[in-house]
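Protein chains in written order, with this note's numbering: chain Y, 1 to 348; chain G, 349 to 696.
Careful, some of the hints might be misleading.
No farther apart than 30 Å at their CA atoms in a straight line, the calculated lysine-lysine pairs in the DSS-like style are these [to be verified]:
| no. | chain 1 | residue 1 | chain 2 | residue 2 |
| --- | --- | --- | --- | --- |
| 1 | G | K417 | Y | K279 |
| 2 | Y | K97 | G | K417 |
| 3 | G | K632 | Y | K69 |
Worth flagging that the hints you see were computed from the coordinates, not collected in a lab.
Protein chains: 2
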Amino acid sequence: MNVYRSPENPIIEPKDVKPSRPDFEVVCAFNAGVTRFNGEVLLLLRVAEVAKSDDPKIARVPIYDHERKEIIIKDFSKDDKNLDFSDSRVIRTPNEKYLTSISHLRIARSKDGIHFTVDEAPTMTSANEYEMFGIEDPRITLIDGTYYINFSCIANLGVTTCLASTKDFTTFERHGVIFLPDNKDVEIFPEKIGGKYYALTRPDSRSYKRREVWIADSPDLLRWGSHRHLFGTRHDKWDSGKVGGSAVPFLTDEGWLEIYHGSDKVHDRYCLGAVLLDKNEPWKMLGRSDNPILEPETDYEIHGFYGNVVFNCGVLNEDGKVKIYYGAADTCMAYAEISLKDILDIVR
Amino acid sequence: MNVYRSPENPIIEPKDVKPSRPDFEVVCAFNAGVTRFNGEVLLLLRVAEVAKSDDPKIARVPIYDHERKEIIIKDFSKDDKNLDFSDSRVIRTPNEKYLTSISHLRIARSKDGIHFTVDEAPTMTSANEYEMFGIEDPRITLIDGTYYINFSCIANLGVTTCLASTKDFTTFERHGVIFLPDNKDVEIFPEKIGGKYYALTRPDSRSYKRREVWIADSPDLLRWGSHRHLFGTRHDKWDSGKVGGSAVPFLTDEGWLEIYHGSDKVHDRYCLGAVLLDKNEPWKMLGRSDNPILEPETDYEIHGFYGNVVFNCGVLNEDGKVKIYYGAADTCMAYAEISLKDILDIVR
Numbered sequence: 001m002n003v004y005r006s007p008e009n010p011i012i013e014p015k016d017v018k019p020s021r022p023d024f025e026v027v028c029a030f031n032a033g034v035t036r037f038n039g040e041v042l043l044l045l046r047v048a049e050v051a052k053s054d055d056p057k058i059a060r061v062p063i064y065d066h067e068r069k070e071i072i073i074k075d076f077s078k079d080d081k082n083l084d085f086s087d088s089r090v091i092r093t094p095n096e097k098y099l100t101s102i103s104h105l106r107i108a109r110s111k112d113g114i115h116f117t118v119d120e121a122p123t124m125t126s127a128n129e130y131e132m133f134g135i136e137d138p139r140i141t142l143i144d145g146t147y148y149i150n151f152s153c154i155a156n157l158g159v160t161t162c163l164a165s166t167k168d169f170t171t172f173e174r175h176g177v178i179f180l181p182d183n184k185d186v187e188i189f190p191e192k193i194g195g196k197y198y199a200l201t202r203p204d205s206r207s208y209k210r211r212e213v214w215i216a217d218s219p220d221l222l223r224w225g226s227h228r229h230l231f232g233t234r235h236d237k238w239d240s241g242k243v244g245g246s247a248v249p250f251l252t253d254e255g256w257l258e259i260y261h262g263s264d265k266v267h268d269r270y271c272l273g274a275v276l277l278d279k280n281e282p283w284k285m286l287g288r289s290d291n292p293i294l295e296p297e298t299d300y301e302i303h304g305f306y307g308n309v310v311f312n313c314g315v316l317n318e319d320g321k322v323k324i325y326y327g328a329a330d331t332c333m334a335y336a337e338i339s340l341k342d343i344l345d346i347v348r
Numbered sequence: 349m350n351v352y353r354s355p356e357n358p359i360i361e362p363k364d365v366k367p368s369r370p371d372f373e374v375v376c377a378f379n380a381g382v383t384r385f386n387g388e389v390l391l392l393l394r395v396a397e398v399a400k401s402d403d404p405k406i407a408r409v410p411i412y413d414h415e416r417k418e419i420i421i422k423d424f425s426k427d428d429k430n431l432d433f434s435d436s437r438v439i440r441t442p443n444e445k446y447l448t449s450i451s452h453l454r455i456a457r458s459k460d461g462i463h464f465t466v467d468e469a470p471t472m473t474s475a476n477e478y479e480m481f482g483i484e485d486p487r488i489t490l491i492d493g494t495y496y497i498n499f500s501c502i503a504n505l506g507v508t509t510c511l512a513s514t515k516d517f518t519t520f521e522r523h524g525v526i527f528l529p530d531n532k533d534v535e536i537f538p539e540k541i542g543g544k545y546y547a548l549t550r551p552d553s554r555s556y557k558r559r560e561v562w563i564a565d566s567p568d569l570l571r572w573g574s575h576r577h578l579f580g581t582r583h584d585k586w587d588s589g590k591v592g593g594s595a596v597p598f599l600t601d602e603g604w605l606e607i608y609h610g611s612d613k614v615h616d617r618y619c620l621g622a623v624l625l626d627k628n629e630p631w632k633m634l635g636r637s638d639n640p641i642l643e644p645e646t647d648y649e650i651h652g653f654y655g656n657v658v659f660n661c662g663v664l665n666e667d668g669k670v671k672i673y674y675g676a677a678d679t680c681m682a683y684a685e686i687s688l689k690d691i692l693d694i695v696r
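Produce the entire structure from the sequences given, and follow the hints as far as they go.
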């Protein structure tokens with residue numbers, strides 16, 4: 001696969017993002033939703049922050065308290081033998097799991113698609129009991145002049161997908177929980193097909209340990225059903241561990257092209273692949289790439305908060321190119337281009 | 349709590365049910381959906397069958413093969429050290445989990461509500477890839493002359509909830525997957541509230557290990573959204589481990605009464621409790637029983653395929669009594685009555 005990576009990569013790093021509070025530090029700016037707005041490229045970044053600690057023996061965890069309607073800090077002693085700090089992303093108590101960071105969403109804009117100005121303040125932050133540990137990995141779908149934003153909400157109740165909408169990226173309307181725990185990596189198609197809205201979803205089966213891609217339809221974007229399993233993991237390939245939708249699907253002459261992510265069972269190394277879905281019956285898969293179209297190779301993709309990851313929430317399909325804005329090593333944003341024809345050639 | 353148990357209990361046992369094939373044995377007849385139909389009490393039983401094995405060293409597992417459209421038998425050697433037979437309900441391989449039995453749904457009818465005639469043949473059986481390991485635990489909701497039946501579908505893709513409907517309990521229409529993995533113990537309310545259908549659901553969060561009750565609404569019974577967390581486990585009580593809706597809710601002067609099930613974290617002992625929901629805003633819980641209204645006490649509730657279980661999929665609310673048809677020890681059906689007033693007195 002012939003991939004062009006921007007020599008400016010990473011195009012956005014944590015240091016480019018102002019913390020939301022003086023006692024917070026931005027550790028990741030990644031997994032952005034992507035759209036064009038007012039002629040500019042607009043990224044809706046996931047910004048992960050940790051609470052700074054003066055005491056190296058204390059981990060300070062930010063949590064949204066929905067009753068107090070503010071972020072509170074919970075302290076954990078690193079000497080406490082009942083606590084498990086082995087994964088940098090979480091702290092496990094005997095009965096509970098906390099995230100070490102809390103994520104919000106923040107806008108970045110660019111005229112050239114490479115050099116971005118990041119907003120000084122968060123765009124959307126945790127606002128209810130479903131968002132206790134933050135909001136993550138937004139996808140932006142433009143339908144009839146309204147930008148619909150779905151995002152993962154993390155709480156001790158589980159991982160849900162919620163929906164919001166905006167026309168101007170200034171005011172946002174919240175529409176509640178659209179997919180039950182655990183479900184993330186949802187992508188809403190940009191137009192109705194046969195009179196219905198469609199979305200890719202990624203339920204997580206606790207009983208059978210499956211994280212695979214399903215498709216649903218809806219009359220109103222809020223209520224979803226007609227669930228069908230669309231595609232799964234492949235035991236002998238790079239996507240043997242789990243798969244999920246990544247970019248909002250876009251229509252080509254051949255059908256709907258979906259850039260998805262997968263990771264392997266042994267190393268949990270995240271790559272991007274592609275599937276082609278029937279234009280009129282998107283629950284029918286017409287083809288799938290054998291190999292990744294993008295995989296972690298550069299230093300900024302291999303090393304970071306969680307290494308060996310390329311992960312994507314949106315692309316721009318322009319000028320015969322698929323312009324991929326992607327999170328690298330769960331830390332920063334990077335940019336790559338692949339010709340649309342090259343991708344279609346390997347998914348047919 | 350003043351509970352009347354029928355002296356005829358158990359009212360239906362596995363030996364009362366004819367196997368669906370000569371090489372199968374019925375091991376459980378339990379967790380029936382309940383309704384009145386043509387003046388009779390109609391139970392839609394869950395019937396679990398195992399494949400008989402002539403060789404005690406071979407476990408024979410029935411699996412629905414959706415490509416061949418028939419049940420096939422998969423043999424497992426009990427000497428194989430890679431296999432785990434420690435739970436009577438499942439066989440675990442290093443990467444997969446199989447159920448030792450396969451369930452279908454079967455009608456039983458009674459004029460007096462105690463003495464039942466069980467149909468000779470199954471009513472509904474596995475019919476697609478979501479039902480590979482069987483269909484289970486039906487709930488029946490009568491709406492405008494149509495009986496809607498939702499049931500749990502077990503497959504290696506996960507545990508989903510599917511919907512079917514019938515007007516005559518002779519022909520059934522399938523409506524597909526209405527809740528994504530893992531979700532079971534769904535109860536559809538018997539009338540629209542404020543112009544919408546409502547259902548209780550029980551998603552299973554893999555990431556946060558929560559099995560609790562949510563509520564959703566729908567325009568058409570097929571597509572569900574506006575998901576809200578309704579009630580959870582209580583760490584110091586009998587329902588500390590998991591909770592789920594059980595009976596189809598019914599309307600009282602005080603609000604919607606829901607008989608739910610819960611089990612404790614240590615012993616996984618299943619009891620029934622009650623919650624009262626607001627008549628017009630059913631996502632508001634008005635009260636909840638501190639203690640179980642029914643708990644495993646008799647021999648047939650304590651000993652069986654999975655002991656110390658009372659589990660319920662439907663009740664009849666008649667003559668001031670809540671008539672509870674329930675599965676006992678995951679093996680047989682039993683009957684109990686509790687006065688409606690007694691239940692309302694403890695949930696207010």
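Verification of the hints:
no., hint, result
1, G:K417 - Y:K279, "holds (29 Å)"
2, Y:K97 - G:K417, "violated (43 Å)"
3, G:K632 - Y:K69, "holds (20 Å)"
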